[in-house]
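With chain Z's structure known, arrange chain L on it following the hints.
If you want the building blocks of each chain, they are given just below.
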Amino acid sequence: DTEVTQTPKHLVMGMTNKKSLKCEQHMGHRAMYWYKQKAKKPPELMFVYSYEKLSINESVPSRFSPECPNSSLLNLHLHALQPEDSALYLCASSRSDRRNEKLFFGSGTQLSVL
Amino acid sequence: RKEVEQDPGPFNVPEGATVAFNCTYSNSASQSFFWYRQDCRKEPKLLMSVYSSGNEDGRFTAQLNRASQYISLLIRDSKLSDSATYLCAVTVDGTASKLTFGTGTRLQVTL
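Chains as they are written, first to last, in my numbering: chain Z, 1 to 114; chain L, 1 to 111.
No false leads were slipped in.
Quick list of simulated restraints, FRET-style, between CB atoms: (1) Z:Glu52 - L:Thr110: 39 to 49 angstroms; (2) Z:Tyr51 - L:Gln69: 26 to 36 angstroms; (3) Z:Leu54 - L:Ser68: 34 to 44 angstroms; (4) Z:Gln82 - L:Ser52: 39 to 49 angstroms; (5) Z:Ala80 - L:Ala17: 45 to 55 angstroms; (6) L:Leu46 - Z:Glu67: 20 to 30 angstroms; (7) Z:His10 - L:Gln31: 35 to 45 angstroms; (8) Z:Pro69 - L:Ser49: 26 to 36 angstroms.
Reference listing, derived: stretches of chain L covered by chain Z, where coverage requires no fewer than 3 residues with Cβ under 8 angstroms from a Cβ of chain Z: (9) 28-36; (10) 44-50; (11) 102-110.
As a list, the in silico DSS-like pairs of lysine-lysine whose alpha-carbon atoms are at most 27 angstroms apart: (12) L:Lys98 - Z:Lys9; (13) Z:Lys53 - Z:Lys22; (14) Z:Lys22 - L:Lys45; (15) L:Lys98 - Z:Lys22; (16) Z:Lys41 - L:Lys42; (17) Z:Lys19 - L:Lys42; (18) Z:Lys102 - L:Lys2; (19) L:Lys45 - Z:Lys9; (20) Z:Lys38 - Z:Lys19; (21) Z:Lys22 - Z:Lys102; (22) Z:Lys41 - Z:Lys9; (23) L:Lys98 - L:Lys45; (24) Z:Lys9 - Z:Lys102; (25) Z:Lys19 - Z:Lys9; (26) L:Lys79 - Z:Lys102; (27) Z:Lys40 - L:Lys98; (28) Z:Lys102 - L:Lys42; (29) L:Lys42 - Z:Lys18; (30) Z:Lys22 - L:Lys42; (31) Z:Lys38 - L:Lys2; (32) Z:Lys40 - L:Lys2; (33) Z:Lys18 - Z:Lys53; (34) Z:Lys40 - Z:Lys22; (35) L:Lys45 - L:Lys2; (36) L:Lys79 - L:Lys45; (37) Z:Lys53 - Z:Lys102.
Quick caveat, the hints were computed from the structure, so don't treat them as lab data. Even glycine gets a Cβ: it sits at the ideal position worked out from N, Cα and C.
Bound-form chain Z, shown alone (with noise of 0.2 angstroms):
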C-alpha cells in the first residue's frame, strides 16, 4: 500500500549494462532519498535530494548515478557495475529532509548483477 512506487521489481544486469532505476511519488514530498540493503543488513543511505537538489552524496561509486527531474520523480542510473553491488534498492520520500520528518518507502528495486 505504500503511496512510493518503485520500477522495477527486479533487475538482473551484467557488468557492462547501463540501467535505471525509477521511483514516484505523489505526496508533494519535497525530499528523496536512495537508500542500498543488502540481505540480513540495515539500509544505507546513499543519496538525498531536497527540493530537487542533491544535498547529500554518501561517497558513493561514480558508478551509481542520482536525477531528480522533477519533484515527484527520482532515479538511479546504474553503469558498469560489480557484483557486490547487488541488493534491494530502496526508495523512500519524506515532506521535508528536516530531521524530524517520517520517511516512506517504496517496495524496492531487486538488483541482482552478474
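The following block gives chain L in isolation, referenced to the frame of chain Z:
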C-alpha cells in the same frame, strides 16, 4: 562502536506474549527516533515515532531514555502477524532526515 545497535535475535515468543526490544545509540546529539517494521524481502514500514514522553499505539509502546541513550519497543499480546524484523532508526545529522538504522531484531511469534 556502531552508531545504532540492536540485538539481532531471533526472539521466539508464543502468541499472546509480551516482548520488548532495546536499541542503543552512540551519538548523544541524536534528535529523532523511530521504529520500523520490515518483512522478509519487503520495504521498511514506519511503525511509530519515539517521543521523549513515551508513546503508545494499540499494543505497541515506545520509550526513549536519553540518559542511557536507548529506545525501546514493547509489544503486548503478540500476534502471529507481528513476526518480522524490527529496525530502530535514529537521525544523527542536524540538517537532514539522514536516518541511521540499526541492524534489526528478528521476532518470530509462534502458536
